[in-house]
Every structure is written in C-alpha cells, then in structure tokens.
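Turn these sequences into a full structure, and let the hints guide you.
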Amino acid sequence: MYKLIFAIITLGVGLWANSVVTSLLIIVIMSWYTVRKGGIPLTIFIRLMMLPMAFLVIGVLIIGINVSEDINIFLAYIPVFGTHIGVSLSGLQHGIIIFFKSLAAVSCLYFLALNTPMVDILNTLARLKIPKLFIELMGLIYRFIFVLLETVDTMFTAQKSRMGYASFSSGYRSLAALAATLFVRSYKRAGDLYTALEARGYEEEINVLAEPFETGKTQYTGPIFINILLVLITLLFKT
Amino acid sequence: MDGNVIKARNLHYTYADGTQALKGVNIDIKKGKTTSILGGNGAGKSTLFLTFNGIHKPSSGEILYNGKPLEYTRDGLKELRSKVGIVFQDPDNQLFSASVYQDISFGPMNMKLPKDEVRRRVDLAMERTGVAHLKNKPTHCLSHGQKKRVALAGVLVMKPEVLVLDEPTAGLDPMGVSEIMVLLRDVQEELGLTIVIATHDIDLVPLYCDYVYVMDQGSILLGGTPKEIFSRPEMLRDVHLRLPRVGHLMEILKENDDFEFEETAVTISQARRELKKWRDMVTQSLR
Ligand SMILES: Nc1ncnc2c1ncn2[C@@H]1O[C@H](COP(=O)(O)OP(=O)(O)O)[C@@H](O)[C@H]1O
Ligand SMILES: [Mg+2]
Numbered sequence: 001m002y003k004l005i006f007a008i009i010t011l012g013v014g015l016w017a018n019s020v021v022t023s024l025l026i027i028v029i030m031s032w033y034t035v036r037k038g039g040i041p042l043t044i045f046i047r048l049m050m051l052p053m054a055f056l057v058i059g060v061l062i063i064g065i066n067v068s069e070d071i072n073i074f075l076a077y078i079p080v081f082g083t084h085i086g087v088s089l090s091g092l093q094h095g096i097i098i099f100f101k102s103l104a105a106v107s108c109l110y111f112l113a114l115n116t117p118m119v120d121i122l123n124t125l126a127r128l129k130i131p132k133l134f135i136e137l138m139g140l141i142y143r144f145i146f147v148l149l150e151t152v153d154t155m156f157t158a159q160k161s162r163m164g165y166a167s168f169s170s171g172y173r174s175l176a177a178l179a180a181t182l183f184v185r186s187y188k189r190a191g192d193l194y195t196a197l198e199a200r201g202y203e204e205e206i207n208v209l210a211e212p213f214e215t216g217k218t219q220y221t222g223p224i225f226i227n228i229l230l231v232l233i234t235l236l237f238k239t
Numbered sequence: 240m241d242g243n244v245i246k247a248r249n250l251h252y253t254y255a256d257g258t259q260a261l262k263g264v265n266i267d268i269k270k271g272k273t274t275s276i277l278g279g280n281g282a283g284k285s286t287l288f289l290t291f292n293g294i295h296k297p298s299s300g301e302i303l304y305n306g307k308p309l310e311y312t313r314d315g316l317k318e319l320r321s322k323v324g325i326v327f328q329d330p331d332n333q334l335f336s337a338s339v340y341q342d343i344s345f346g347p348m349n350m351k352l353p354k355d356e357v358r359r360r361v362d363l364a365m366e367r368t369g370v371a372h373l374k375n376k377p378t379h380c381l382s383h384g385q386k387k388r389v390a391l392a393g394v395l396v397m398k399p400e401v402l403v404l405d406e407p408t409a410g411l412d413p414m415g416v417s418e419i420m421v422l423l424r425d426v427q428e429e430l431g432l433t434i435v436i437a438t439h440d441i442d443l444v445p446l447y448c449d450y451v452y453v454m455d456q457g458s459i460l461l462g463g464t465p466k467e468i469f470s471r472p473e474m475l476r477d478v479h480l481r482l483p484r485v486g487h488l489m490e491i492l493k494e495n496d497d498f499e500f501e502e503t504a505v506t507i508s509q510a511r512r513e514l515k516k517w518r519d520m521v522t523q524s525l526r
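Residue numbers (our numbering), protein chains in the order written: chain A, 1 to 239; chain B, 240 to 526.
In short, the hints are calculated from the structure, not lab data.
No experiment lies behind these values; they were computed from the predicted model shown.
Just so you know, nobody snuck in bad clues.
Cross-link-like lysine-lysine pairs, in silico, BS3-like; alpha carbons within 30 Å at most:
id: 1; chain 1: A; residue 1: K188; chain 2: B; residue 2: K376
id: 2; chain 1: A; residue 1: K37; chain 2: B; residue 2: K374
id: 3; chain 1: A; residue 1: K129; chain 2: B; residue 2: K354
id: 4; chain 1: B; residue 1: K317; chain 2: B; residue 2: K262
id: 5; chain 1: B; residue 1: K354; chain 2: A; residue 2: K132
id: 6; chain 1: B; residue 1: K516; chain 2: B; residue 2: K466
Here it is as structure tokens:
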C-alpha cells in the first residue's frame, strides 16, 4: 500500500516540478527501486522504458518543430511556401522538459506495476468494486508478460546465434517467424495454463487469498522524505 | 480393496488431431508407495497423468479410484481433483498468480475451505517445501528450482491422497534433484501419500521408487519392482532406455570380466554389497 502512495506522490511532484533535473532524479530513484528492490532484471526494465520512448520521441519532435515567418527563432529550418518550418530553441526546451517529465511519470507507473504490490493494487481495485473479471485478467496479463518476455528473449538469442539478423532481409524474415511462433506458443501456453488451473479445481473464478497486510508508520517515512527532498531540489534549481 | 488406489484398465486416448497417445494402458498404483512411469519423450506419460484426474476422458477403457470408476460429473471431478494432485512439468504453466502466497492459496480456496484453514494450510505447505522465505516474492523472480517447489506447495496444500509429478527433476541441478526427491520422501512418510512420478531419469528409479512401469508409444511394456525391471536390460534398450549407470557397470563386470554376483545391483550401495561379497569369496578361496 505504501508503494502505491509513494508512486502517486512522486508522480505528482514530478508533474508539478516541470524540471529536467527533478525528472531525471525521479527516473533514477524509481529505476533503482524497481531493479534492486523489485528484482526486475535491468535488461527487461530498460526494454520496458524503451517502449514509451519511441512514442515520446515522435511527440517531442512534433512539439519541437514550429512554423514561423521569423527565422531568428530557429536553430535550423527549411523554407516552405513563403514561411519556415524548423526547430526552435524554446520549442526544443519545451520538448525536452516534456520528454523527461513523461519518462519520469512512466517510471513511477512502472515502479507501481512492476513491484510486488501488483497484488496489493489488485486487492485495492477489488475493494473499489472493479469487476472481478477485469482484475483477474490484469493479474494474468501481469504474470504472463514475464513469461512472454523470457520466451521472446530465448528465441531472439537463438535466432541471432544462427545469423538470423545478419542482414536486413533475413532480419525481417526472422522477426516474422518470431512473431508467428510466439503467437502459437502463447496459444499453447494458454491451453496448458487452463489445464493446470483445472487440475487445482478452477471453475469460472480465480479465488486466491491475499497475504495479511503489514503496515507500519516507518514504511511511509522513506517515501515522504524522498519527496520533500525532491521538492527542495526543484525549488533550488528554479531560483 | 487390494491396496491399489488407482487402477487403469485397457485405457485408450486419442487427441483431437488424431494422435493416439494411449493404446491400451493397464496400470496399478499401490497405496502409500512410490511408483514411477519410465518412458522416453512422447511415450504418453503426461497424457496418462491427465486421465488420472479426469482432465482427459479416455475414449475407451476405465479408471478405478479406490475401486470405483471415475465419475465425470462436476461434483465427481471436483472430488477427484482434490484427491489426485498433479504437479506439472513446467512450473511456469502452473504458477499463474503474481505472488507466491496467493498462488498456493488457489487450490484450497477452490475447495471452499474457511479462510483461517486456508491460511494455516498455506503456511504449513510453504514450511514443508522450504519456500516460506519466498512468500512475498513475485512469482517471476524465482529460480526454476524455487518455482518447482512453489508448484509442489500449491498441490500439497490441497492435502491430496495421490501426488502425481510430471518430470519433477527435469531442469534441476544434481543438488536440486536429490533435494526434491528427499523432500518427497519425507512428505510421503509424514502424510502417507501415494506418489506417482513420470521420469526418464533412470538413475533415480532404484533409489526412490518402489514400483516401476516402463512405457513406450502409448502402452505399458512391463512393470514390477526396480530389481525385476533392471534384471531385463534387453527390454529397456528396445525402448531407448538403459540400465542405471551402476547397473551397467555391474553388468559389464559380470559378462566381460568374470565377476560373479548373486543379485543384480543397480544402486551404489547394492553394488558395494555385491562387490564386497565377491571379494570375500575370492580371498576365502585363495586361503
Ligand atoms: N495437445 C496435444 N495435441 C495433440 N497431440 C498431443 C498433445 N499432447 C501430446 N500429444 C502427443 O501425444 C503423444 C504423447 O505425448 P505425452 O503424453 O506428452 O508424452 P510424454 O509426457 O511421455 O513425453 C506424443 O506423440 C505427443 O506428440
Ligand atoms: Mg511429458
């Protein structure tokens, strides 16, 4: 539960701070917690961070690019139909701040999603009367993302070691094969999972017991301390 | 009652794609003993196991549990599955939950036990399988050996009468193998469980099993105590299996090097006994 609060407060501070330094700090703190405390392999974490990165780069480009008649604001530009399209300093700054702010937000959410309390999140959601089916699905997806990533990883390595990605065309073919196999495997896995659930008496509903909660005041001091520090650093850099 | 918990008679099973996985299987599982099903890949071991708890319904033949034919009704299956627990080969297919504790609680929750009872059982099962310290870990952080233990705990917690394990030692290091086998033996002694193990790890069989069935291409070729089975090495070789290493050595010593043994020895301790006997015999005749 305290992780949920930690993530939400930090997310709030990150959005409020609007500063690259704070965002970077948040990314580092959250990554550290997720990798060291949550036990998520660093490679998987980095790969997960790359996912939104692709979208963000496109987004930042769109923000960073301005249209104006005044060429003085541009760092670089091309003339188009009597006006100019280019990258401006202010646009770029704006874009970069947004880029890191978004990454910091994503790292907060990943921290939440990748640490144990997924279980707690599901419990909390259940208490908020979110439909059970939805919660079960979330839990299963969460569990099998890791199985899937592992499968992709081994298959990818196997393909690479047989020169599957040596050239562009072979890489294209290998990737297609990987996707197809992954689909078939996932399908088979779903079948196997169902069999295993059935063997333990599954009928229509996944019933599990949450481990007893342990809450203490000390759990909250760390997150609060870190966030006060973040706020102070932000103020320091603002002035 | 003749001491057999599970009896299968002339069992046939065909998969949807036409693969005949079981072709007339006859098998008796003795109560309170450890029985192993020995067979190469694709012999039909996993398929056979899934008929034991009613996941697969045989296309012909019948299965008796404690002398009564299986009932394929909702209640019948539920009852059966709380008595016959299967630990699957790949723990990733069995562990579905984000947390170890939750995963283990799944079976007893399905049995509609009161929550206090579930908690007690989960704690006990984690204790028995030595995973208590992993209780708050996410499932995906566990090592393969740890996953296997959690999977085992998830079945033991239902207090089954028969524990069925599909290749429990596959993918484990030598230490892991003996640890899990010793664990199974301890649990068996404590709870009086009947254990059925599918394996192609031949060296395990004489050490831990009371009975063996040799399976190939969907049928049972022979069955008996490990001693009986391993005194017929030709049969084993026909189905791509072999003697335990020690047994093989003893066979070579006997046939090529004029050693004389009274009994077939397939474990280290048996071989030691036979070799000592032989030594005493030789020193005596020299005197
Ligand atoms: N889901 C399935 N669909 C079709 N054929 C299958 C399926 N599962 C197993 N088989 C086939 O049934 C036979 C026995 O398989 P299995 O019981 O898994 O053997 P074992 O566990 O001894 O390795 C094999 O020929 C296998 O290809
Ligand atoms: Mg199998």
